[in-house]
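*Asks:* These protein sequence lines map, in sequence, to chains A and B.
Counting from 1, one number per residue, gives the positions in the first sequence under our numbering.
Counting from 1, one number per residue, gives the positions in the second sequence under our numbering.
A few of these clues could be false.
One-sided excerpt, in silico: chain B residues whose CB lies under 10 Å from chain A [what the hints assert, rightly or not]: (1) Thr49; (2) Ser53; (3) Leu59; (4) Val82; (5) Ser83; (6) Leu84; (7) Arg85; (8) Asn97; (9) Arg113; (10) Gly116; (11) Leu191.
Derived DMTMM-like pairs: lysine to aspartate or glutamate, alpha-carbon spacing no greater than 25 Å straight-line [to be verified]: (12) A/Lys295 - B/Glu171; (13) A/Lys384 - B/Glu171; (14) B/Lys88 - A/Glu381; (15) A/Lys14 - B/Asp77; (16) A/Lys68 - B/Glu137; (17) A/Lys384 - B/Asp78; (18) A/Lys14 - B/Glu137; (19) A/Lys14 - B/Glu87; (20) A/Lys384 - B/Glu137; (21) A/Lys384 - B/Glu128; (22) A/Lys384 - B/Asp18; (23) A/Lys295 - B/Glu106; (24) A/Lys14 - B/Glu106; (25) A/Lys384 - B/Asp205; (26) A/Lys384 - B/Glu179; (27) A/Lys295 - B/Asp78; (28) A/Lys57 - B/Glu137; (29) A/Lys115 - A/Glu90.
These are calculated hints, taken from the structure and not from any lab test.
Keep in mind the model is a prediction, meaning the values are calculated, not measured.
All C-beta atoms, glycine included, are put in the ideal place defined by N, C-alpha and C.
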Amino acid sequence: MRQMLSISSYLAVKEVWRNRGRFLLVSLVIALITLLVLFIAALGEGLGNGNREYISKLDAELIVYQAKSDTVIAASRLGRNRLAAVRRVEGVADAGMLGTSSASLLPPNDAEPIKVALLGVEPGHTGEPPVVQGARLSTDLAQEAIIDANTAYRSKLQVGDTLTLRVTQGTRDEFYDLRIVGITGGQQFQLQPSIFVPFYTWDRIRPKSEAEINGSTPVANVLLVKLKDPTQAEAVSARLAAQVDNIEIATIRQAIEALPGYSAQLSTLNTQGGFTLFIGILVIGGFFQIQILQKVAQIGVLKAIGTANPVVAAAAIIQIVVVTVIGVAIGGLLSFLLSLTFPPTVPIIFNGATSALAIVALLLIGPLGGLVSIRYAVRIEPLKALGLSS
Amino acid sequence: MTAYALETKSVIKTYNSDSGVIQAVDDVSLQVAAGEFVALVGPSGSGKTTMLSILAALLQPSSGQILLDGQDLSGMDDRERVSLRREKIGFTFQANNLVPYLSAVENVELMLRLNGRLDKAGKLRARELLARLGLGERLNNLPGQMSGGQQQRVAIARALIHNPSLVLADEPTASLDTERAYQVVETFAGLIHEQGRAGIMVTHDLRMCEYVDRVLQMQDGRLVRIYTGHDEIMKELVQGGRH
Numbered sequence: 001m002r003q004m005l006s007i008s009s010y011l012a013v014k015e016v017w018r019n020r021g022r023f024l025l026v027s028l029v030i031a032l033i034t035l036l037v038l039f040i041a042a043l044g045e046g047l048g049n050g051n052r053e054y055i056s057k058l059d060a061e062l063i064v065y066q067a068k069s070d071t072v073i074a075a076s077r078l079g080r081n082r083l084a085a086v087r088r089v090e091g092v093a094d095a096g097m098l099g100t101s102s103a104s105l106l107p108p109n110d111a112e113p114i115k116v117a118l119l120g121v122e123p124g125h126t127g128e129p130p131v132v133q134g135a136r137l138s139t140d141l142a143q144e145a146i147i148d149a150n151t152a153y154r155s156k157l158q159v160g161d162t163l164t165l166r167v168t169q170g171t172r173d174e175f176y177d178l179r180i181v182g183i184t185g186g187q188q189f190q191l192q193p194s195i196f197v198p199f200y201t202w203d204r205i206r207p208k209s210e211a212e213i214n215g216s217t218p219v220a221n222v223l224l225v226k227l228k229d230p231t232q233a234e235a236v237s238a239r240l241a242a243q244v245d246n247i248e249i250a251t252i253r254q255a256i257e258a259l260p261g262y263s264a265q266l267s268t269l270n271t272q273g274g275f276t277l278f279i280g281i282l283v284i285g286g287f288f289q290i291q292i293l294q295k296v297a298q299i300g301v302l303k304a305i306g307t308a309n310p311v312v313a314a315a316a317i318i319q320i321v322v323v324t325v326i327g328v329a330i331g332g333l334l335s336f337l338l339s340l341t342f343p344p345t346v347p348i349i350f351n352g353a354t355s356a357l358a359i360v361a362l363l364l365i366g367p368l369g370g371l372v373s374i375r376y377a378v379r380i381e382p383l384k385a386l387g388l389s390s
Numbered sequence: 001m002t003a004y005a006l007e008t009k010s011v012i013k014t015y016n017s018d019s020g021v022i023q024a025v026d027d028v029s030l031q032v033a034a035g036e037f038v039a040l041v042g043p044s045g046s047g048k049t050t051m052l053s054i055l056a057a058l059l060q061p062s063s064g065q066i067l068l069d070g071q072d073l074s075g076m077d078d079r080e081r082v083s084l085r086r087e088k089i090g091f092t093f094q095a096n097n098l099v100p101y102l103s104a105v106e107n108v109e110l111m112l113r114l115n116g117r118l119d120k121a122g123k124l125r126a127r128e129l130l131a132r133l134g135l136g137e138r139l140n141n142l143p144g145q146m147s148g149g150q151q152q153r154v155a156i157a158r159a160l161i162h163n164p165s166l167v168l169a170d171e172p173t174a175s176l177d178t179e180r181a182y183q184v185v186e187t188f189a190g191l192i193h194e195q196g197r198a199g200i201m202v203t204h205d206l207r208m209c210e211y212v213d214r215v216l217q218m219q220d221g222r223l224v225r226i227y228t229g230h231d232e233i234m235k236e237l238v239q240g241g242r243h
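If we strip away everything but chain B, and leave its shape as in the complex, we get (with noise of 0.2 Å):
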């Protein structure tokens, strides 16, 4: 059997509207590696943003199980979710990512000092690992000053800088050039890979779906295919363009 870094088991969110009970996500259930970087796309509506809210301990599901390491989420009251968001998982968002009044490397060590992990040696991570994503000489720039795939940047190295189980990323390329977008996404995939983290990216960019494992497509809040390998998601998704 199979340890993943993260399952879900039948997870569902209803909401109550004026129009009566919305099924945002209905009985999905995945698995993901360590190691493994998967992709989670689908068209607007379709679900994916409340199913990544939910894996990021942000909202609590109605009901389905959610494990991560081994974990269930879905019983957790605030202060435990809090605790864990800020230990087991690294976040990039689709924009307003980085704490504006820190530098580069004051925004990736912040996970260090939340964690109560902020040593030499962590600070010396911190900077390498800026410096391997190209920003050696932008360590103490403020995000105002740097372009918008630097600071997806260094919002990835503020994901990955405290070891993280699980690594989400929210249409990390929405703001991005075509060639930016591909660099981010590249060098995201290849250090969820080194690092043996679980990674999630939702995105509408199809395109970017060539540096994943795995592609979960999602429709009206369930589960609808898997594309797994790199042929098939190449030759299905990538080139064919289609959710």
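Pulled out of the complex, with its shape left as it was, chain A reads as follows (with noise of 0.2 Å):
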């Protein structure tokens, strides 16, 4: 076996380093696919992240819908008297409101407005997010603002400044200054930086219909629940269910899957890796197999020599791998580079476990191409190849 393996790798070895050039022009197509693959994946991640990171992070195990909104924040109403109600429900250890509407907001230095999430949270309850910089919201109807690090990014705000607010009510732009108290991390929701106001501050600010300018009963979109014991979602959500009307309940998972676009995203960009990955093994797989097909004389002479089929066989896949990782990290050392030139508006993000996971689907994809090319070169009879078949 250690015999097999040493000849097997010198012939390996010795054909890739005398070849070197063609070989390296096959480890540079695998590297542009590796590059493709991981971008596809990071910007996977950095959509989904993009999309599903306030929730994500959510000290919270449930949320609470208006019945019948199919689990869509935006569809989903709820008063402040369903907020007392699952306040009171055994094993809720805290509910916030949570208000989701849309902003502009207008940077000091009279830049393009920049689309911004505006979220309305009751200060000190679940939902408020945790700052990293200055202090967290005061009281329900203070004048104040969080903004995440995007906002905070993009806008070149600070804690102190004062932040302006633009938004249509009824017929007509309203404009708001808030004074920003605090900075949290990443915290976009569905793509958008993110803005926190108190929930009564929001209901104040936010967008609003003719009909709703007068309009005196806040209302927020979806309930945020902090259990007791997040390991009794399952028996909290079935008590909340029977004890709050017209409400429906999700886990925090199953919120992320219900977020619009979310899931037909991802599949679309996992599909799209599915694809480059398969495109990956054809392409592997055809340049060895025209690669064994070019050598069939020569391993017709290793064979009748006296080479065994596993040392053929084994040198055949030594070869692919050496070449295929070669090319995989030649493309990841590409991708971390080209990575460090995007701006971090740019939703991408090269997280461990997928990028790990890509990783291995590529170097996996050399020895999946190339298993026709190894059974072909197995299956070539020394006399045929030599031309001695009469």
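With the hints in hand, could you dock these two chains into one complex?
*Replies:* Structure (structure tokens):
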């Protein structure tokens, strides 16, 4: 076994080294496929993260929606009476209202307005994000805001600055000034940078139709529920459904999957990644098949002088693995270098687990693509290859 | 009783084709002693290539026995035949002889490597053998950087380096000009005699029989005549120039 591997490695490495130009070209093709796959994976991760970031970082286990809203946040309306009912259910540690809408942030330097997610949360309750700089929101009616890291990066606003929001209420554009009290980490909501304001401030400044302008009852979209024991999510869900009327409940995971376009977006990108890997298999398979066809006589000589089939097969596998590893390494390095040139606003995230999975898949495409050629090499008859058969 | 390095007994090889059964080799019995260089001649289709393939353990005979150092090849399975080819047989072929990505010396060392016998002494022997074949300056050249004659000489070195019992050469001069062809066969014959190997060369070129000890003539799958002794070979074959 050891001798077989030693001879196979010797033959494989010698051939690669003596034909390094040709093999490097294939490695570069694999590098480009790697670059593409890693970027698709990173784009998927970035877009997915941009869509779910706030929800996925919530210090909550359940989200309560209005019944028949199909767990779509924008389609759900829940009033304060439901919040009180939810807080009374056994097993619920805390619950907070979340109101969602969009607004335009007018940066101080007359730059282009930035579309932001305007989120109303209850200070001190579930839903208010932790700050990495500054302080948390003080009261339900304060003219304060916490901005997320993306908003801070794009607008160059800092703690203590005053931000200006433009919203449409009725038929008029209204402008609201809020003092920035804190900056939280990345908390994008549905691919928009976010601004968190006290719930009642949110209700006052959010975009409204003419009919809503004079409405007096603040209505949230959903309620965010933190449990005393997170392992009891199923039991508390059942109690919530039984004790509070006209609601439906989702776990954080279910809520993320129900975000508009989230699943479709991910499956599109996963399909693209899958197809790229498939193309990689075909490209590598095609190259090695052509290569084997070109060296039928050479393999025939090797077999005729007593090289066993496992040696021929192992040499082919080692060669494929070497070429693939070099290609993936070059591609990985290129991806890393290229990623350094992207601004944080581009939704590309090189997540360790996703990238590792993509790299493992890429390392497998070589041997997978080369399977046919290895089988072909093993079946070469020395007699026919050498033209000795009559 | 003489102990032959190679002995075949009533070897028959038949093929089935659309036109019926073809007898490619028909009851061939021959013996080759160690240190003897034999030519196998005959017109196209006479069965000499099939016979060579059988002797090389690349093809199973339909019946008969092939004894190499007393070991019967006909009953061996694929794995045993691969080992036998690696350990006891040396080859040179008409073309595509060498592994193109290995240098001259690496091609020769490959046989030792395959047999797990590549040590310092083996490496030295490979260099000496190539130097003796006039390739001392070409040790690190790739096959593509050498002429046809030089490649054949590397193949000869590879065929002999692992001390095989039997050395087989299939038309070793087919792609060479006359002068180089004579040089190659003369060197080949000299080494076979000197090292005490049994050598068989298949050739169309009867002039090359000048350097062999015996000529086995085949026709229609049968061994029809054996020429023995330098005078008979020269008179009947080389100068007469007939199959």
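*Asks:* Against each hint, give a clear statement of whether it holds in the structure.
*Replies:* These are the hints, each one checked on the structure:
no.	hint	in the structure
1	Thr49	holds, 6 Å
2	Ser53	holds, 5 Å
3	Leu59	holds, 6 Å
4	Val82	holds, 5 Å
5	Ser83	holds, 7 Å
6	Leu84	holds, 8 Å
7	Arg85	holds, 4 Å
8	Asn97	holds, 7 Å
9	Arg113	holds, 6 Å
10	Gly116	holds, 5 Å
11	Leu191	violated, 17 Å
12	A/Lys295 - B/Glu171	holds, 21 Å
13	A/Lys384 - B/Glu171	holds, 16 Å
14	B/Lys88 - A/Glu381	holds, 20 Å
15	A/Lys14 - B/Asp77	violated, 31 Å
16	A/Lys68 - B/Glu137	violated, 88 Å
17	A/Lys384 - B/Asp78	holds, 16 Å
18	A/Lys14 - B/Glu137	holds, 21 Å
19	A/Lys14 - B/Glu87	holds, 23 Å
20	A/Lys384 - B/Glu137	violated, 34 Å
21	A/Lys384 - B/Glu128	violated, 34 Å
22	A/Lys384 - B/Asp18	holds, 20 Å
23	A/Lys295 - B/Glu106	holds, 18 Å
24	A/Lys14 - B/Glu106	holds, 10 Å
25	A/Lys384 - B/Asp205	holds, 23 Å
26	A/Lys384 - B/Glu179	violated, 30 Å
27	A/Lys295 - B/Asp78	holds, 22 Å
28	A/Lys57 - B/Glu137	violated, 72 Å
29	A/Lys115 - A/Glu90	violated, 40 Å
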